[in-house]
Structure formats: structure tokens, C-alpha cells
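What follows is the residue order along each chain.
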Amino acid sequence: MRAGMRAVPSVRPARPPAPADGWAVETHDLTKRFGANVAVDDVELLVPRGCAFGYLGPNGAGKTTLIRTLLGLTRADGGTMSLLGVPVPAERSRALARVGAIVDEPRFHHHLTGRDNLRLLAAARGGDAGQRIGPSLARVGLAERADDKVGSYSMGMRQRLGVASCLLGDPELLILDEPMNGLDPAGMHEMRTMIESLVGEGRTVMLSSHLLDEVERTCDAVAIVDHGRVIRQGSIDDLVRGAGNRVLRLDCADPAAAGRLIEEAGIAAGVASSEQGLTVTLPAGASREAVAEVNRRLVAGGISVYSLQEVQTTLEDWFLSVTTRLGEQP
Amino acid sequence: MTDDISTASVDRPWPAGGSPAHARPDTPAVSRHYRSWLPTWGLIATKHLELRKRRVLMIVVAVLTVGLPVLVLGLRLVFHAVDARSYGPAGSPAVFAFLCNPLAEFGFIVAATLGATAGTSDLTDGVFRHLVTTGRSRLALYLARIPAGLAILLPLVAMAFAMVCLVTSYEGVPQPTVININGFSVPAHLDQAQLESWITAHPGQAGEAFANGPGPGPAGGGPVPVPTASVPTLRRDIATVYRDYASDEAGQLNPPVNEMVKIGLWIELYVGVGFIVGLGLGSLIGQRTVPIIVLIALEIIVTPILAAHVIPYFLDGQRLVVGIPLDQLRPAGLAVGQGGPGGGGPGPGRVLFGGRSALNIPPMPTWAMITVIAGWIVGWSGIGAWRMVTRDA
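Protein sequences appear in the order of chains A and B. Residues are numbered in our numbering as their position in the first sequence, beginning at 1, plus a constant of 11. The second sequence: position 388 = 368 (our numbering), numbered continuously.
Chain B extracted, bound-state conformation (with noise of 0.2 Å):
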């Protein structure tokens, strides 16, 4: 064996190639669409199908999000046909309530999981390597993964409410014209002004209403034997005053349509922030298991806890975790299925989606709670992106 290994292509000629069809004087120029960070809508679109067609996850994604709905309403309307002197209209402002806040829940945990399906199936199939040596931009690979998850998503969730509110609107119990506070009847539909001057027409029946503030009563519905408030007290208190009133009304009947469309909205909002976290955490860990138990731990124990108990010298802590400003900005509507209405207090969360800040801590300044959830979405998505760049295929 000689030493001399000096390697065989170095004064020997390589063989020849084969015809020159392929061989192409200079590199065609990429399109500067080959090489953007923004997705195409083809790459949004196959995404889209890649998710559609994973049949068990469309199956839970579908039980979650519309199936509580079509089961409950299906079943009151089912037994309201059958038997309507047993069994009441479907709807009702509490199964409204009873659906809306379930199917954010729920939505939170599905929206999760198919965040952490969009952000981590690439690389489990092994598919992530192939769309890399494509040479398309890996920012657009994971900018279109958000579309793609949302399209599905936000319709299920969209349909499902839909449901829930035609039902409401159209089969739901015949709204009263007078709302129960404190067992004394308050004519519904009232404005500010309008409340002012039935205060002032009717002090007595007034003062007792709402002395105590806000709620329907016993369960009686019998008056409560409270101290009465002066009229001069309630004029002067009556933004607060109203605000209560508010609360009790959207307690007691249905949600008008622009608080539907509100809580609409505040659902939509709430599981594509579960979606944008899951998509991340899951583009981030590589895995999709761990982000999916850690997201619902956060939506049923973490987030609960730090909604329900001010922790000393940490609540600015506790409001940076993306449930407590999203409760906050739960509206009014659904707030009383959170334990009353405005549990927490006045708080500025009203401005956006009316929300009463359902929470048992002090609420945020509307700033912040726009600040944290964008923060979430900002963050998370960049957390996601930055991994997927950098990830070796």
C-alpha cells in the first residue's frame, strides 16, 4: 500500500457528464416571492389541508367546539317539542351564559392543541427538512401555519356560537320588560338618563332596589328587607348605580345583538390566543405533547388560581399570565356565569368588549390587559418563528 494518497482527481480528468440539457449558463434569477418571509397562499392553503385531514384531531376539534352546543340545544329543543309544559324553551340568557363561557374554555384547549399539531407536524413526519431544502424562507413556513390553523379553527368556533345564539334569539324564553333586582321589579331597557328619572319617579321602590347593589334576590323572588338608599345618594352615585342595573339586566335577558357580537368576538379573541400560544410552544419545544398538557394545566388550575386569589407583592405577576386579562375582558353578557356580574368590581375592561372583569382580583388598566395579550401573541409567535429558523432540519 502506498503513501501516497494523494487524491485521484488531481491531474486526471472527471468523467464527462451527460448531455447539457440541465446545464444552465447562469442561475436563474428566484423570484423575490421564492424568497419573501410572507407566506403564499399556496403554502397557506396545503398547510390548511395538512391539518384538515388529520381526521381524530378534526374529530376532537368538532366535539369541542360544536358538539356541546348541537347537544345541548338539540336535546332542549328536542324536549321542548315533545313535552313544552316540562320542559322550557331552549334558550335562555343562563344557557347561553351555560354554553359561551364553556366553549371559550373548551375552545382555549382545542385551539391549543391544534396550535401545537400545526407547530410540531412537520417536524414529527419528518416533512421539515424536505420544506427546508426547498429553499422557501422558513419564516414563511411558520407565518403559514397561523392562517392555516385559524381557517380552521374560527369558522368551528364561529358556527358553534352561531348556534348558540340563534337558538337564544329565536327559541329562547319571551323577555321580560321589568328585571328583578333585589326582589323589586326595575322596567328593562333603560339608559343612564333614563334610570335617573325613574329613580327620582319612584324613590321608595328605588332605595330598597338598590341599597345593596346589585342582584336578582331570593330565590323566592320576594323583596329583601334592606336599608333604603336616599334618592339624593342614588343620583349622585348613579354611574355606579347604572352599572349595576347593566349588570343585573344582562343577567337576566337575552344579550342584544351587539353584546352577541361582542361576546362573539371576545371567544374568537380567546381561542386564537390558545392557538397562537400552542403553535409556538409547540414550534418552540419540537413536541406536541408537553405544549398541549402544559397549555390546558395553564387554561384549568394555573389560571384559575391566580384569577381567584391576590397574591401578595405578586399581583402584577398574576396579571401577566394571558387568562386574567382575557377574563377581564370577558363582556358582560357572559360575566354572570363567572359568578355574578362584575365580581370583580368596576374596572376599565368595559371599554373594550364591555367586560366586567369577572375576576376576584383587582382589575387591570385596559393598556395593560391589550399590552399582556398582545404581548402573548407577539411573544409567543416570535418565540415560535425564532425556533423555527434556527432549528437544525
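Looking at chain A on its own, in the form it has when it is part of the complex (with noise of 0.2 Å):
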């Protein structure tokens, strides 16, 4: 079903009243172009506060470049934005004071060790921020290493050094680019844990990724981009569970029959037929009671059924329908 759908328009929503403490993001008809082709377009986000943020797209869709433009790394061509309630690039300085930021991949000059690279990162963020090197070299568990050249370090370490360089601010809002790029499973599941703690202690972490799986673990809220516009956002389990059609696979004698009467009952949007049994699409919005409908007309026309599944519906694969990818598949 998915090949071939090609994503529908963006539809400008109508913005949600904003909190009570204010957006961690806010950004207005955000634009960025580089030439004829535009990176960021109309971008309209609002990040909530104390939350994990995704922000999700596929490769190219715009999700690096809206990040350094938020960081104020690359000027925009059009739009406001606003990062915990304070105007940037008007007063960047006073807002990335509390925002710690990796873009891209983590790099460090690798001819000095970890805590030399934090030494400078906190003598440019200026403050106490140099006192906070050993503690978050500590938390993010290089105080082992904190000494050796970061040239000999792995990329799951990068990583980590570069968590522990956003600490130094002591930040409510931690950007991260696709941190779980370069991670094996445990290093995955080390960032993932480090996040959960970050957001438990209140802070705000908005990261990039194009690993739905990742993603759905970690996030509590997620913006869908493509092509630079920001076609969805919201919390996961909202976005998932309104997202469109319910399909059941059924097991039962006589698949061919099943099929036929539910198509003639015209309780579903499409029925298929395979060697796994019998798929059944149900309208989008139908209710539990639909489904029940279906095991009713199946048995009432003396079909027996062996067993009824409903299919669950994740990130992924509403990530796939409402983006363009799968469609530009050869």
C-alpha cells in the first residue's frame, strides 16, 4: 500500500495556545535557501519544554539545516524564531547561554585530550562552566579516559564527549544532530538512557534523527520534515494512533469466501488475500466495534475463524506514508 504514496500538501495547522513557561523552540514561516533550493521552507515548530523532541525526516530533508539555523550558525532568509522564549539571532548570545548544541557529527581538535577540548568549549562559554567539566565528563562516563587524546577515541566516545560539552552551560535545552549516528547497540542504549535522565531532570532535549525505531524509544513528541516543511508534529502515540487506517489479518477457512463477504458487507476499504491469511483494511477512524463487526459477518456466513490480529501501526511506517521517500524508490 505505502509504495507509491506520494505525501499529501502540507497543511499550515492552526498553532496550539502556547504553555503556561513557553515554547523550548518556536519558530514562525522559518525559511532557509541555498540558491534555488530551499533547505528550510515555512518551517512553523514548536517544541514543548521538559520533553524528548524528535525531529524527523529523512536524508536532505532540511533537518541539519534548520538546527544550524536555530544556533544561529547560518543566517535565515525569512522568519522568527525563538529559542526558550528568547529571540534569536537578536539576543543569541543571552539564549544559547542556556542551550548546549551538537550539530553534525561530535569533532574535537584530536591532538588534545577530552577534558583540554572541554577546557576550551567552557573558557568560550565563560562563567562557572569551567567547574562543570569533571562532573559531566563523569556523568557522560569519559572520566576515565577524560585524559587521552580524543584521537584516540571511538565515535560512541565523540559522542559522549560531545553530550558532555552541551553540559558544561548547564542547559534547559540540549539540541542534539543525530546522536545515535556512528553508536552500536550499546552505545544506542547508553545515549537513549542519558536523554531519559536529561529530560527527567526537566531539561528540554530536541534531537534530529532519521532512525524511526531510536526515535519512537526515545521521544515523547515528534516533528515530521520533509522536503524543508515540517508536514506533522505532535506526540507519538497521538500521531501514530490518528494515523489513518486499521488493519486486521485474519486466519480462517476459505480465505476467498472471507473476503468476498467483506467487501460485499462494505465494512472495509480494501481486503487482500495471501499465503499468510486474509488482510483487512478498515476505514480510518473505525472503532474497536468495527473490528468485531467483521469477526460477526465472518462467522454469521458460517466461515470459521481461526484467529483475528490487528495489525499495529508504528512510527515507521506512518513516518513512510506521510513522506515521500518510498515513492521516489526506483
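The hints are simulated quantities; they were obtained by calculation from the structure and are not laboratory data. One or more hints might be untrue.
Incomplete in silico selection of chain A near chain B, CB under 8 Å [said to hold, decoys possible]:
1) G83
2) T85
3) R118
4) F119
5) H120
6) H122
7) R130
8) L131
9) L132
Glycine residues also receive a C-beta, built at the ideal position from the N, C-alpha and C atoms.
Can you join these two chains into the complex? Each is in its own frame, and there are hints to help.
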């Protein structure tokens, strides 16, 4: 069903009311162009405080460009934005004083130790950032390797050092660009645990990723971006539940007759028969009663039903249904 | 699939946040210090650390600054200690000039290399964006590189120069009481009035010594048959005569302490300019190799060519190359090593460092020298800072 499916045009949503403590990240009509290519296209993004927020999109969708624009690493061509309620770039220094960020992969001076690299960044942050070097290293589990040169670090260790550098400013908001990239399963687990603990402390973590499974496990809410546009945003549960059709898989006697029976009853959006059994797609918004109705019709038609299972929609299913990438495959 | 893709967040609650431990009711004020364009001590110190820990670069810098004097003077000291009859004292005015001029030339190249590294290392190592995301003023980040790099470079150059001065002063040849001008002996350490008195008292000797301008005479040291200048003529042109005398003195005697100080300051200025230009050019281009090659070419190819020949209708353009005014500022004590004292004729360059315009092009006024040198320093700093501020990180 997904093959060939195209994303529908974005519709600008009504803005939800701002929470009492404001948004962690807020953009209006944010646009960034590279020549004729629009990397960030009128993005309306609202990241609530105190949660893990995934900025999800396929490669080349404009995730990193949006983050770079938010952090003042590149200039926006239009729109407004604020971090923690502070407008940027007008008050960039004030906003970034409470933000920690990793953009692209975390890179450091290879000839310096992890601790020296953090010294460099702490000096740039100023204030008491220097006093947080030790605790930050300990927090990410790098205390023992802190005095080794970064050139000898693995990718996972550099990612952790990147997080440690974010923590130097005791940030309210962490913006992590593809933090799971290059990590092995254990590293991903560590990173996930770390993000959860940071959110548990009341910090907001906004992370960009194309790793759907990791985002689903880590984040409370997501925004889906494709071709530079945010096409949906909200909590993962709401998005996935409201994604569309309910799909049932049936194991029954005479699947062909069962399929005809359901089609004639007009209760399904689609019926397909395969070696695995009968797959029934219910219309969007179908209730649990619709599932029971399928069973009743079959039994009433004299067809034995051995099992009836609802196929759970995952974030990946939903993501692929709303983005264009599958449609672009040959 | 529905066409209704309005954002799920529209009428649904957002996920509850974590504990409010980090929820601050208001944005804390960021100190003025943090937003200032002036670099902090911490910024300078950590940039210094970053440069200092580049082992290969530091070895190159040390070898090309301290290494040459250590090698040359060390060998001369050892040879003299082992066989004093065959090998003279380690220090001499010629050795002094021989070491100081390369110290400036190599120092400039090393400084350009260090400057280009300081200007690009954050970019090439991918740390620049980390620094920018701290919110620190980009201008402060740029300006921190200047003292950080100079704090490495200038002490090394000073150390090398101090070695040369010490060996010249304390392990050098005995200082003569007379100097050889055109094969004739003239007392050393005369001021202009004393020289005029000496000319009046020794008309024949003075007339032949100063007849054809300065110069120590033939290799054999004997008098040169030259037309004799009259005492009234010499007294009338006493300023020129004294300048020639001083040039010869500078070439045959160890520089006095004040001259050594001038030379030291001039070398530090020379390498300092090299560093600033390297930093600015590196920051502008964003990579290290090209600025280094460009500045080496400027130092060892372009500047010597422009200094050696007057290009018709382009003299003022030649003077805009920083090496020209810097050469014109070269103190008299080093001018000997540049093809003879006062090689370029009289010039106002001596106002600052006693420079003798050791060039083959007409010297430029002092204000012009200062303007060109200051222009290069300020200009390249401005270009580098501008690129740092406007660059996409």
C-alpha cells in the first residue's frame, strides 16, 4: 500500500496555545535557501519544554539546516524563531547561554585530550562552565579517559564527549543532531538512557534523526520534516494512533469466500488475500466495534475464524506513509 | 490515507514534561563579559594551549627560530673552545647580521604558518561550530587568537635573538678602536661634532677616507687611490659624511645595546606582522595550506623582486607591499647584511629604528611606512574578523 504513496501537501495547522512557561523552540515561517534549493521551507515548529522531541526526516530533508539556523550557525532567509522564549538571532548570546548543542557529528581537536577540549569550550562559555568539566565527563562516563587524546576515542566516546560539552552550560535545552549516528547498539542504549535522564531533570532535549525506531523509543513528541517542510508534529502516540487505517490479519477457513463476504458487507476499505491469510483494512477512524463486526459477519456467513489480529502501526509505518521517500524509490 | 493532515498537535495536549528542576521562570541575564567582543583571559589561554599542543608545528617553529642560532653559535663556540687558533670567537658583527636577518625572514614564514594555523584550526577540526553555539561573540573568538599566537611566537624569537646578542657581546671578537673606511683608519665611537673635529685635524686622511662615500675598502685592507675631498666640502656635507661613517661603524663594530634593542624590536615587529597576516588570510580562506604558500612566496619571491627593481609608474604600488616598508625600517646594524649600509640611499626610515632603507628603490616617508604597516595589521585583522563573524559555521 505504501509503495507509490506520495505525501499530501502540507496544510498549515492552527497553532496550539502556548504553554504557561513558553515553548523551548518556536519558529514561524522559518525559511533558509541555498540558491534555488529551499532547505527550510516556512517551518512552523513548536517544541514544548521538558520533553524529548524528535525532529524526524529522511536524509536531505533539512533537519541539520534547521538546527544550524536555530543556533545561528547560518542565517535564516525569512521568518522568526526563539529559543527558550528568547528571540534569535537578536538575542543570540542570551539564548545560547542556556542551550547545549551538537551539530552534525561531534568533532574536536584530535591532538588535545577530552578534558582540554572541554576547557576550550568552557572558556568560550565563561561563567562557571569550567567547574562543570569534571562532573560532565563523569556524567557521560568519560572520567577515566578524560586525559587521553580525542584522536584515540571511538565514535561513541566522541558522541559522549559532545554531550558532555553540551552540559557545560547547565542547559535547559539540548539540541542534538543525529546523536545516534555511528553508535553500536550498546552506545545507542547508553545515549537513550542519558537522554531520558536529562529529560527527567526537566531539561528539554530536541534531537534530529532518521532512525525511526530510536526516536520512537526515546522521544515523547516528534515533528516530521520532508523537503524542508514540517508536515506533522505532535506526540508520537497521537500521531501513530491517528495515522489512518486499521489493519486486521485473519486466519480463517476459505479466505477467498471470507474476502468476498467482507467486501459485499462494505465494512472494509480494502481486502487482500495472501499466503499469510486475509488482510482487511478498515477505514480511517474505524472503532474497535468495526473489528468485532468483521468477526460477526464471517461467523454469520459460516466461515470459521481461527485468529483475528490487529496489525500495530509503528512510527516507521506512519513516517513512510507521510513522507515521499518510498515513492522516490525505483 | 486521509487528506486531513493538519498537525496532530492542534487540539491534543503535548506530552507532559519532566520535573521542573530546570524550568527557570525567566532567562538569567548573561553577563556583559560573555557578550563582549573583547576576549577573556580564559579564551586566550585555551587557544594558546590548543596551539602549543600541536607538536609538529611547535617543533617547526622552534627549529626555525631558536634552532638556527643554537646550531651556528653552538658550533662556533665549540670550535673556538677546541681550537682557538684556527677558529675565531663565536660572535662578530658579521655573524650577528648573518643570524638576525634569517631570524627575521624565517620568523616571518614561521609566524605566517602559526597565524594560518590559528586562523583555521577550529574550522578544519570542526570545533568552530561548537564555539559558536556557546553564544560567545565571534569577534572575541577571533581576537583571542592574536595574543594566543603571539605569546608563543614572540618569546621564542626573543629567546633566539637574546642568544645572538649574548654571544656577540660576551663571546665575540675584541672591539676595534678604529674603523676602516676606504682603507683608512678613523677612530670609532665619534659623534657628529667629534667627527667634524677629527676631519679638521686630519684633512689629508679624511679627504681620502670620505672621498667616495662609505665602504671598508678592498679586501686587502690597503688604501684605495681616490680623489681627495677638501675639508670645507666635507664640513659642508657633514651630515651625509657622518651617516656614512655611522654605517661603516655599524658594519664593523658590535651593535651597542640600544641598537640591539632596536633590532630586537624590529624582528619582533617583522614576525608579528607575519602572524597577523597569516591569521587574517587563513581565516579568510578557511584552510591553512594556501595562505602559507602565498605568504612564503610573498616573503622570498615577491618582496625581494619588488625591493630590487623600480617598476616604472608602479613605485607607489611596490611600496604597498608590507615587506618594503619593513625592510626600510631595518635597523642600521643589520643593513650591512643587506648589501651594504645605506644601500638605498638616504631615507627617513631611520626615524624609527635607525633604518637605512636597505633597498634598491627610493625610500618612502616615515608616515607612509607607518601607514602601510599599520594598514596591513589592521586590514588583515579586519578581514579575518569579518570572515569569522559572517562565516557559516
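To see whether the hints hold, each was checked on the structure:
1. G83: Hint on G83(A): holds, closest Cβ of chain B at ~7 Å, below 8 Å.
2. T85: 4 Å, holds
3. R118: 3 Å, holds
4. F119: 6 Å, holds
5. H120: 5 Å, holds
6. H122: 6 Å, holds
7. R130: 5 Å, holds
8. L131: Since chain B brings a Cβ to about 4 Å from L131(A), closer than 8 Å, the hint holds.
9. L132: This interface hint holds because 6 Å falls under the 8 Å limit.
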